[in-house]
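> Residue strings, one per chain:
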Amino acid sequence: MRLGKFILCLFILTTLTSCKPDSDSEEAKASLFKSVNPKPVYISGKNKAPLEKIKSKVRGIHEIHDVSVIQNGKQILVAYKVKHFDRFRMESIEKKLVTILNDEFPKYEFLVSSDMKIFLEAIELTVHVQKENYPKKKAEKWFGNIVRLEKEQT
Amino acid sequence: MKKELKPEQKKYQELQQKHETKRPVLANCMKAFIVGGLICVIGQAVSLFYMYYFNFTEKTVGNPTVATMVFFSMLLTGFGIYDKLGQIGGAGSAVPVTGFGNAVISAAIEHKTEGFVLGVGGNIFKLAGAVIVWGVFSAFVVALIKTLWLMWI
Chain A
213 MRLGKFILCL FILTTLTSCK PDSDSEEAKA SLFKSVNPKP VYISGKNKAP
263 LEKIKSKVRG IHEIHDVSVI QNGKQILVAY KVKHFDRFRM ESIEKKLVTI
313 LNDEFPKYEF LVSSDMKIFL EAIELTVHVQ KENYPKKKAE KWFGNIVRLE
363 KEQT
Chain B
267 MKKELKPEQK KYQELQQKHE TKRPVLANCM KAFIVGGLIC VIGQAVSLFY
317 MYYFNFTEKT VGNPTVATMV FFSMLLTGFG IYDKLGQIGG AGSAVPVTGF
367 GNAVISAAIE HKTEGFVLGV GGNIFKLAGA VIVWGVFSAF VVALIKTLWL
417 MWI
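Heads up: the sequence lines are chains A and B, in that order.
Basically this note's numbering = 1-based index in the first sequence + 212.
Basically this note's numbering = 1-based index in the second sequence + 266.
Hints listed in this document are in silico derivations from the structure and should not be mistaken for laboratory results.
Remember, it's a predicted structure, so these values are computed and weren't measured experimentally.
All the pointers check out, no bait thrown in.
In silico DSS-like links for lysine-lysine, alpha-carbon gap of 30 Å or less:
{"id": "1", "chain 1": "A", "residue 1": "Lys295", "chain 2": "A", "residue 2": "Lys241"}
{"id": "2", "chain 1": "A", "residue 1": "Lys251", "chain 2": "B", "residue 2": "Lys325"}
{"id": "3", "chain 1": "A", "residue 1": "Lys217", "chain 2": "B", "residue 2": "Lys378"}
{"id": "4", "chain 1": "B", "residue 1": "Lys412", "chain 2": "A", "residue 2": "Lys307"}
{"id": "5", "chain 1": "B", "residue 1": "Lys325", "chain 2": "A", "residue 2": "Lys269"}
{"id": "6", "chain 1": "A", "residue 1": "Lys308", "chain 2": "B", "residue 2": "Lys325"}
{"id": "7", "chain 1": "B", "residue 1": "Lys325", "chain 2": "A", "residue 2": "Lys307"}
{"id": "8", "chain 1": "B", "residue 1": "Lys297", "chain 2": "B", "residue 2": "Lys284"}
{"id": "9", "chain 1": "B", "residue 1": "Lys325", "chain 2": "A", "residue 2": "Lys349"}
{"id": "10", "chain 1": "A", "residue 1": "Lys217", "chain 2": "B", "residue 2": "Lys392"}
{"id": "11", "chain 1": "A", "residue 1": "Lys349", "chain 2": "A", "residue 2": "Lys241"}
{"id": "12", "chain 1": "B", "residue 1": "Lys325", "chain 2": "A", "residue 2": "Lys350"}
{"id": "13", "chain 1": "A", "residue 1": "Lys293", "chain 2": "B", "residue 2": "Lys325"}
{"id": "14", "chain 1": "B", "residue 1": "Lys325", "chain 2": "A", "residue 2": "Lys363"}
{"id": "15", "chain 1": "B", "residue 1": "Lys325", "chain 2": "A", "residue 2": "Lys246"}
{"id": "16", "chain 1": "A", "residue 1": "Lys267", "chain 2": "B", "residue 2": "Lys325"}
{"id": "17", "chain 1": "A", "residue 1": "Lys293", "chain 2": "A", "residue 2": "Lys363"}
{"id": "18", "chain 1": "B", "residue 1": "Lys325", "chain 2": "A", "residue 2": "Lys241"}
{"id": "19", "chain 1": "A", "residue 1": "Lys293", "chain 2": "A", "residue 2": "Lys350"}
{"id": "20", "chain 1": "A", "residue 1": "Lys251", "chain 2": "A", "residue 2": "Lys349"}
{"id": "21", "chain 1": "A", "residue 1": "Lys295", "chain 2": "B", "residue 2": "Lys297"}
{"id": "22", "chain 1": "A", "residue 1": "Lys363", "chain 2": "B", "residue 2": "Lys412"}
{"id": "23", "chain 1": "B", "residue 1": "Lys288", "chain 2": "B", "residue 2": "Lys277"}
{"id": "24", "chain 1": "A", "residue 1": "Lys269", "chain 2": "A", "residue 2": "Lys286"}
{"id": "25", "chain 1": "B", "residue 1": "Lys350", "chain 2": "A", "residue 2": "Lys217"}
{"id": "26", "chain 1": "A", "residue 1": "Lys265", "chain 2": "A", "residue 2": "Lys343"}
{"id": "27", "chain 1": "A", "residue 1": "Lys265", "chain 2": "A", "residue 2": "Lys295"}
{"id": "28", "chain 1": "B", "residue 1": "Lys325", "chain 2": "A", "residue 2": "Lys295"}
{"id": "29", "chain 1": "B", "residue 1": "Lys325", "chain 2": "A", "residue 2": "Lys353"}
{"id": "30", "chain 1": "B", "residue 1": "Lys412", "chain 2": "A", "residue 2": "Lys308"}
{"id": "31", "chain 1": "B", "residue 1": "Lys297", "chain 2": "A", "residue 2": "Lys217"}
{"id": "32", "chain 1": "A", "residue 1": "Lys258", "chain 2": "A", "residue 2": "Lys353"}
{"id": "33", "chain 1": "B", "residue 1": "Lys325", "chain 2": "A", "residue 2": "Lys286"}
{"id": "34", "chain 1": "B", "residue 1": "Lys325", "chain 2": "B", "residue 2": "Lys412"}
{"id": "35", "chain 1": "A", "residue 1": "Lys350", "chain 2": "A", "residue 2": "Lys241"}
{"id": "36", "chain 1": "A", "residue 1": "Lys246", "chain 2": "A", "residue 2": "Lys350"}
Using the sequences plus the hints, can you model the full thing?
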């Protein structure tokens, strides 16, 4: 009995500690529990969108408490976190956000997500891009991966 | 229609009601709420763990989380911890998916003496089998209705 418990503890510990975090920056860890308010990021594209303006527009919706904006070409990824007790109205909030963004900035294609994982990845990408000489190609590929993750269903 | 009780029976019932200990319904509800809530908090932590360390989104994290929680409750049942939890929490420990793992393993332990094939193998899903059949069958019926409905429109 004792041995069994010991083996169980050992098993759980080894399984948990052998994982290298998929998102391992301080900001990503902090974003699990509180608002981190990341800077908008511009990776590439012909014309830079008014990212700060987009961000403040999204933050203007009072149910949303944290938002990350990333532009790559025509696509703009908007990942946001909804206040806990407003999560019951997740879908209507998303609808509202999409209509606001498409009305105000019709030139761009918006990818909107309230998913925690997308937010984590967006933060991670933001942290990496802000480092000096982070290759643009890599950032673009990462952005593509996030978009694919967002579209995944099962 | 209720059968008329004889006077002695009535008398006995009154006596019995006087001595019967009252069930602490409210306290039981609170306990179930707390235990069930704690299990759900652990589940939330597991799903955050999967999202943080692996490539799962909120949409896809459900399946691995359920599997892990069932696995945990299976282990706890085997070590005899889940039974005590069930004694405190009642429905709070049975309603979350962890109750499923408990139902599977407790049946397996109960029939261990009858051998591994006919005992454990034959009875492991004695309690949980109904849940699986009910889930699969109701999903089938709902899918059938939805398909027909969509064909109609």
